[in-house]
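The chain contents come next:
There are 2 protein chains.
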Amino acid sequence: MKLYDYSAAPNPRKVRIFLAEKGLDYDLVQVDMAKGEHKSPEFLKKNPSGKVPVLELDDGRFLSESIAICRYLEAVYPEPNLFGKDAYELGHIEMRNRVMETELWPQIGVSWVNGPIVAKMGIYKQIPEAKEVSDVNVNNYYERLDKEFAHSEYVAGVRFTIADITLITAIDFARTSVGLKPDESLTNLWRWHALVSSRDSVDEITAPKK
Amino acid sequence: MKLYDYSAAPNPRKVRIFLAEKGLDYDLVQVDMAKGEHKSPEFLKKNPSGKVPVLELDDGRFLSESIAICRYLEAVYPEPNLFGKDAYELGHIEMRNRVMETELWPQIGVSWVNGPIVAKMGIYKQIPEAKEVSDVNVNNYYERLDKEFAHSEYVAGVRFTIADITLITAIDFARTSVGLKPDESLTNLWRWHALVSSRDSVDEITAPKK
Numbered sequence: 001m002k003l004y005d006y007s008a009a010p011n012p013r014k015v016r017i018f019l020a021e022k023g024l025d026y027d028l029v030q031v032d033m034a035k036g037e038h039k040s041p042e043f044l045k046k047n048p049s050g051k052v053p054v055l056e057l058d059d060g061r062f063l064s065e066s067i068a069i070c071r072y073l074e075a076v077y078p079e080p081n082l083f084g085k086d087a088y089e090l091g092h093i094e095m096r097n098r099v100m101e102t103e104l105w106p107q108i109g110v111s112w113v114n115g116p117i118v119a120k121m122g123i124y125k126q127i128p129e130a131k132e133v134s135d136v137n138v139n140n141y142y143e144r145l146d147k148e149f150a151h152s153e154y155v156a157g158v159r160f161t162i163a164d165i166t167l168i169t170a171i172d173f174a175r176t177s178v179g180l181k182p183d184e185s186l187t188n189l190w191r192w193h194a195l196v197s198s199r200d201s202v203d204e205i206t207a208p209k210k
Numbered sequence: 001m002k003l004y005d006y007s008a009a010p011n012p013r014k015v016r017i018f019l020a021e022k023g024l025d026y027d028l029v030q031v032d033m034a035k036g037e038h039k040s041p042e043f044l045k046k047n048p049s050g051k052v053p054v055l056e057l058d059d060g061r062f063l064s065e066s067i068a069i070c071r072y073l074e075a076v077y078p079e080p081n082l083f084g085k086d087a088y089e090l091g092h093i094e095m096r097n098r099v100m101e102t103e104l105w106p107q108i109g110v111s112w113v114n115g116p117i118v119a120k121m122g123i124y125k126q127i128p129e130a131k132e133v134s135d136v137n138v139n140n141y142y143e144r145l146d147k148e149f150a151h152s153e154y155v156a157g158v159r160f161t162i163a164d165i166t167l168i169t170a171i172d173f174a175r176t177s178v179g180l181k182p183d184e185s186l187t188n189l190w191r192w193h194a195l196v197s198s199r200d201s202v203d204e205i206t207a208p209k210k
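Chains A and B, in that order, are what the protein sequence lines are. If you're matching positions, the first sequence starts at 1 in the numbering used here and goes up one per residue. If you're matching positions, the second sequence starts at 1 in the numbering used here and goes up one per residue.
To be clear, the hints were calculated from the coordinates, so they are not data collected in a lab. Please read these numbers as outputs of a predicted model, since none were measured by experiment. Keep in mind that a hint or two might mislead.
Identical copies go unnamed one by one, so any copy, or any two together, can satisfy a pair.
Said to hold, decoys possible - Calculated pairs, SDA-like style, for lysine to any residue (alpha carbon to alpha carbon, straight line, at most 20 Å):
| hint | residue 1 | residue 2 |
| --- | --- | --- |
| 1 | Lys22 | Tyr77 |
| 2 | Lys2 | Gln126 |
| 3 | Lys120 | Thr102 |
| 4 | Lys46 | Asp27 |
| 5 | Lys131 | Ser197 |
| 6 | Lys181 | Asn81 |
| 7 | Lys45 | Gly157 |
| 8 | Lys131 | Val113 |
| 9 | Lys39 | Arg144 |
| 10 | Lys125 | Pro106 |
| 11 | Lys131 | Pro106 |
| 12 | Lys45 | Glu148 |
| 13 | Lys46 | Leu90 |
| 14 | Lys147 | Asn188 |
| 15 | Lys22 | Leu90 |
| 16 | Lys46 | Glu148 |
| 17 | Lys125 | Val113 |
| 18 | Lys85 | Ala75 |
| 19 | Lys85 | Phe160 |
| 20 | Lys45 | His151 |
| 21 | Lys2 | Gly179 |
The following block holds chain A by itself, in its conformation from the complex (with noise of 0.2 Å):
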């Protein structure tokens, strides 16, 4: 297995934890995104929608999305499982995974995109106002997910899953590189946060710099 990885970006760290939890070997390939190699002609081939992570399986073929490339490694290689042992567990973790997903990340995202980063590349119109927005969100979620905190030891319940990796993902990636870091008072957040951090596959060998 191939993965094709840029080691700054939040979602190809996904995967690497992902993988680190499964205990599995494979090839790093990192694609240059600042030099825009995710969107030359030779990598649109394998993601048309020019995005890391990519998996490149054995057989040649590949997968794109970092849930999805999950999903297949949780198929082929079941323990530890992260997803679900039976029907209602896969529903809850889905359920918990995609909050963290739809509420959190998109909010982040508006701040990533309209920030100072972002703003010397010169390729998005830049929108102040929406911003200030989604900075206030963000804010907003992580006291929301503080007092969840004070009653779930994991982001879906008694175990690490992959609702755990998004999240880890989103907040590592918006504390280190939009300038959006918890309040120190939210001592639930941070209490998650130094549980998920000190496992193997989250520690320095996938965390962002700093």
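Keeping the supplied structure of chain A fixed, place chain B upon it in accordance with the hints.
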């Protein structure tokens, strides 16, 4: 089973189509979003995010997030298969579904939130500049879909899957509620639309009124 629904909303429609494909009976409970019933204390106990759809199981447990509900139903009622039969197909269908969700849906969402219907509600700060960008993005995406449907019968290949359910609900919502109808010149996209709309599960029972 009981489905908490709002007939005009696109996400509950996904689950109604899915239930119809599986041939399942269930009770339908309307949650009047126009009256704010989805934010009532009683409903927030069913789904703390205050959204429909919500599925209530016969044992009293709840699941929300349309695709998570569908994933649960697929595990309990495997036929007809709508998420994939082997590891690669599970990954491929999830990939195609997520491409529709992440590349098209958020753009429709920005146009909806900053459009005339939501503006009248007075609950979100309006950013007309954001809608100008998202309207263009949606129409560009329709053109990309038209090119893809020149070579692919369905969203994920040769058969109807969850990815088609995601796309038909997105496009029907965009064209009937957001003023974003695909141009008539996009004949491949309209060929797909007619094919999918001819299914009993997608017909006037679940389709938005025009």
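Hint check:
1. Lys22 x Tyr77: within (7 Å within a copy, 28 Å between copies)
2. Lys2 x Gln126: neither (35 Å within a copy, 44 Å between copies)
3. Lys120 x Thr102: So Lys120 and Thr102 fail the 20 Å test inside a copy (27 Å) and across (24 Å) alike.
4. Lys46 x Asp27: within (16 Å within a copy, 44 Å between copies)
5. Lys131 x Ser197: neither (28 Å within a copy, 38 Å between copies)
6. Lys181 x Asn81: neither (30 Å within a copy, 42 Å between copies)
7. Lys45 x Gly157: between (39 Å within a copy, 17 Å between copies)
8. Lys131 x Val113: Answer is both: 8 Å inside a copy and 15 Å across each meet the 20 Å cutoff.
9. Lys39 x Arg144: For Lys39 and Arg144, the Cα distance is within 20 Å only across copies (16 Å; inside one copy 37 Å).
10. Lys125 x Pro106: Both. Shortest intra-copy (17 Å) and inter-copy (17 Å) distances satisfy the 20 Å Cα cut-off.
11. Lys131 x Pro106: both (11 Å within a copy, 16 Å between copies)
12. Lys45 x Glu148: Only across copies: Lys45 and Glu148 sit 14 Å apart there, 42 Å inside one copy, limit 20 Å.
13. Lys46 x Leu90: For Lys46 and Leu90, the Cα distance is within 20 Å only across copies (18 Å; inside one copy 29 Å).
14. Lys147 x Asn188: Answer is within; shortest intra-copy Cα gap is 7 Å, inter-copy 48 Å.
15. Lys22 x Leu90: both (18 Å within a copy, 18 Å between copies)
16. Lys46 x Glu148: between (39 Å within a copy, 15 Å between copies)
17. Lys125 x Val113: both (9 Å within a copy, 19 Å between copies)
18. Lys85 x Ala75: Both ways: Lys85 and Ala75 sit 11 Å apart in one copy and 10 Å across, limit 20 Å.
19. Lys85 x Phe160: Result: close within a single copy only, 13 Å intra versus 26 Å inter.
20. Lys45 x His151: between (46 Å within a copy, 15 Å between copies)
21. Lys2 x Gly179: For Lys2 and Gly179, the Cα distance exceeds 20 Å both inside one copy (32 Å) and across copies (43 Å).
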